[in-house]
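**Student:** Listed below are the residues making up each chain.
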Amino acid sequence: MNEEYKDCASLSSRVTDDSSQENVTIQLRDVTYRYDDRDILSAFSASIAAGSFYAVMGPNGCGKTTLLRLVAGLLHPQRGAVAVQGRDVRHYSARELAQRVAFVRQQPQTDFDFSAFETVLMGRNPYQYRLQNESQRDWEIVERCMKQTNTWHLRFAKPGEMSGGELQRVMLARALAQETPIMLLDEPLANLDIAHQFEMLQLLRDINREQHKTLLLVIHDLNMALQYCDSLLLLHHGGIRYQGPIAEGLTSDNIEEVFGVRASLSDGTIQLSSK
Amino acid sequence: MLNGKLGGSPNLALNISHFPFPLGCMRPNLPIKYRRGVPRLYHLTLMAVLLLAAMLGCSVLGVVRFSWAEMWSSPIFLNLRLPRVILAVLIGAALSVCGAAYQSIFRNPLTDPYVLGISSGASLGAAVSIVLGLEAYMLGVGVCALVTGLLTILAIYRIASIGNRMHTTTLLLTGVCITFLISAVISFLMVLNQDKMESIIFWTMGSLASATWSDVAFVAPVVLIGVAVVLYYCRDLNLMLVGSETAQSLGVEVEKVKRILLLVTTVMVAFCVSACGVIGFVGLVVPHCMRLLCGPDNRKVIPYSIFVGGLFLLLCDTLARTLLMPAELPVGSLTALVGAPLFVYLLYKNKKTF
Numbered sequence: 001m002n003e004e005y006k007d008c009a010s011l012s013s014r015v016t017d018d019s020s021q022e023n024v025t026i027q028l029r030d031v032t033y034r035y036d037d038r039d040i041l042s043a044f045s046a047s048i049a050a051g052s053f054y055a056v057m058g059p060n061g062c063g064k065t066t067l068l069r070l071v072a073g074l075l076h077p078q079r080g081a082v083a084v085q086g087r088d089v090r091h092y093s094a095r096e097l098a099q100r101v102a103f104v105r106q107q108p109q110t111d112f113d114f115s116a117f118e119t120v121l122m123g124r125n126p127y128q129y130r131l132q133n134e135s136q137r138d139w140e141i142v143e144r145c146m147k148q149t150n151t152w153h154l155r156f157a158k159p160g161e162m163s164g165g166e167l168q169r170v171m172l173a174r175a176l177a178q179e180t181p182i183m184l185l186d187e188p189l190a191n192l193d194i195a196h197q198f199e200m201l202q203l204l205r206d207i208n209r210e211q212h213k214t215l216l217l218v219i220h221d222l223n224m225a226l227q228y229c230d231s232l233l234l235l236h237h238g239g240i241r242y243q244g245p246i247a248e249g250l251t252s253d254n255i256e257e258v259f260g261v262r263a264s265l266s267d268g269t270i271q272l273s274s275k
Numbered sequence: 001m002l003n004g005k006l007g008g009s010p011n012l013a014l015n016i017s018h019f020p021f022p023l024g025c026m027r028p029n030l031p032i033k034y035r036r037g038v039p040r041l042y043h044l045t046l047m048a049v050l051l052l053a054a055m056l057g058c059s060v061l062g063v064v065r066f067s068w069a070e071m072w073s074s075p076i077f078l079n080l081r082l083p084r085v086i087l088a089v090l091i092g093a094a095l096s097v098c099g100a101a102y103q104s105i106f107r108n109p110l111t112d113p114y115v116l117g118i119s120s121g122a123s124l125g126a127a128v129s130i131v132l133g134l135e136a137y138m139l140g141v142g143v144c145a146l147v148t149g150l151l152t153i154l155a156i157y158r159i160a161s162i163g164n165r166m167h168t169t170t171l172l173l174t175g176v177c178i179t180f181l182i183s184a185v186i187s188f189l190m191v192l193n194q195d196k197m198e199s200i201i202f203w204t205m206g207s208l209a210s211a212t213w214s215d216v217a218f219v220a221p222v223v224l225i226g227v228a229v230v231l232y233y234c235r236d237l238n239l240m241l242v243g244s245e246t247a248q249s250l251g252v253e254v255e256k257v258k259r260i261l262l263l264v265t266t267v268m269v270a271f272c273v274s275a276c277g278v279i280g281f282v283g284l285v286v287p288h289c290m291r292l293l294c295g296p297d298n299r300k301v302i303p304y305s306i307f308v309g310g311l312f313l314l315l316c317d318t319l320a321r322t323l324l325m326p327a328e329l330p331v332g333s334l335t336a337l338v339g340a341p342l343f344v345y346l347l348y349k350n351k352k353t354f
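As they're listed, the protein sequences go chains A and B.
Under this note's numbering, residues 1 to 275 are what the first sequence spells out, in order.
Under this note's numbering, residues 1 to 354 are what the second sequence spells out, in order.
With the rest of the complex left out, here is chain A (with noise of 0.2 angstroms):
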């Protein structure tokens, strides 16, 4: 934790355009979420640094997605408080809150006819006022947010054309065509091929090193987190099992907690079994 923050204090340092970002960006504060007389997240409390790049892991069922959604002020938790930037999530307007969050969901919806440039388009409705036309400003943060993940030759097709890794994708484009210092990322690499789940996590480390970001990602695969993510918050049971720096994190005791399956550590990757 301490090197952490060390870590983190360095980072704000270096954030010179964005002065008033505080180091804890992230906060929630005995959090309980119930749903169906079930607690999915009970007396949660974490802290995220801002510019921090997390990995949230845990079992299906253990809260990630909530989670997010909770800081994403999709769900306000029965008890607690979630801050984003110092702030309860539930103060922010729905406008505010999205000039600060971008959301990145686990199913991208296809069921409608909007071009993936108008879906990135998308991304700015939170620095457009009502009845007021898209600006200059805007393509241009469409279009190098659409290069910038690989889409913008994908600018013409609708969501049926696309396919599933590419759909994320362009999801991902609208969430940076945002421009929040959070994003919140519910499994981005479940349709993608083996390449492009390399590629978009470089990307999304890209992000992270030289746009500062906050990120949380929702990821499955062990070793991809421990090979590109730098911190990690591992859900057990609807609360935290750890959190801290992601090598210090994966121990075999840890994953075999949480995860029930047999782990071994050599040269840096991580091998699975059954029990």
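Misleading hints may appear alongside valid ones.
A few chain B residues that don't get close to chain A, going by computed Cβ distances all over 10 angstroms [stated by the list, open to error]:
1) Leu41
2) Leu52
3) Gly140
4) Leu293
Stretch-level coverage of chain B by chain A, calculated; a stretch enters the list once three of its residues show a Cβ under 8 angstroms from a Cβ in chain A [as the list claims (entries may be wrong)]:
5) 243-249
6) 294-302
In short, the hints are calculated from the structure, not lab data.
Note that beta-carbon positions come from the ideal geometry of N, C-alpha and C, so glycine has one too.
Please arrange chain B on chain A, whose structure you already have, making use of the hints.
**Tutor:** Frame of chain A, contents of chain B only:
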């Protein structure tokens, strides 16, 4: 105003958007970069001129003919034809805009005020107000129609929403059930009040035959304000079309916008129904044709729907009263003649795309 210099291949499709009206908006594949999000002013001007010409032309047609000179002093033209034509345009525009709004709010291409049962809900209020002897007061009928219309939309919303989502089948079935239920209640009311049967039938069938200037004065402000409100929320509707959660995370206060728009559109539908009864399928046909022409962007679909919806109902009503002169067809049967096959086609195709 907009040049296509910005990257990409500017000469690929750029110039098509500079073509005059019909071609200019008929390029759904063209990215917004090469089009403007809002309709071009001259498209709208052209459509307004077309609509005015059609209004004038349609009011000249009919059993009684008159020359250009005597038209402006003829009471038939001034007190019968003119209010009827204006009312047809207002109601056509209102129903189309409401249809487009419902389709985006419910994320369902098959919804319109009629299919959802909101029109029949409002007609129940109208029937009740007739039974209570309120038909002399337009406002009395309007308020009754509004109350039952709002109750209907509330019921549909409560029944058909599972979590945050509206399921197509549940939504349509709820609409059908409510329509059946209400028609049963209305038949019951008619049997109990046989002396008022005819005026109740008028509301369930839908007709513009009794249009007067007071109807126009009653409907026009509501429609103008309602359409303005829907236009104000056009971009939010686009985002809601993609998904309510996505819209929320892109900065739309989904619940608030949804509530405002459902209220405003239901008020519009209720006032239209209390002026002319239930006219079906207008709100389904018009936004769909607009989507086929200019893509899913509501900032185009809704403004164009205003004009084309007005024109569509105007033409249907004119056909209804001139086709079998001097007899008159119910205008609802003509809109259904166009709308019902389209509805079936959409059900058949049901690809869930807009």
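**Student:** Each of the hints needs a verdict: does it hold here or not?
**Tutor:** Here is how each hint holds up against the structure:
Against chain A, the non-interface label of B:Leu41 holds: every CB pair exceeds 10 angstroms, the least being about 12 angstroms. Every CB of chain A is more than 10 angstroms from the CB of B:Leu52 (nearest about 25 angstroms), matching its label as outside the interface. For B:Gly140, the non-interface assignment is confirmed: its Cβ lies about 36 angstroms from the closest Cβ of chain A, beyond the 10 angstroms cut-off. Distance check on B:Leu293: its Cβ is at least 13 angstroms (rounded) from any Cβ of chain A, clearing the 10 angstroms threshold; non-interface status holds.
With 5 residues having a beta carbon nearer than 8 angstroms to a beta carbon of chain A, the stretch 243-249 of chain B meets the requirement of three or more and the stated coverage holds. Under the rule that three or more residues need a Cβ within less than 8 angstroms of chain A, the assignment of the stretch 294-302 of chain B holds, with 3 such residues.
Violated hints: none; the structure is consistent with every hint.
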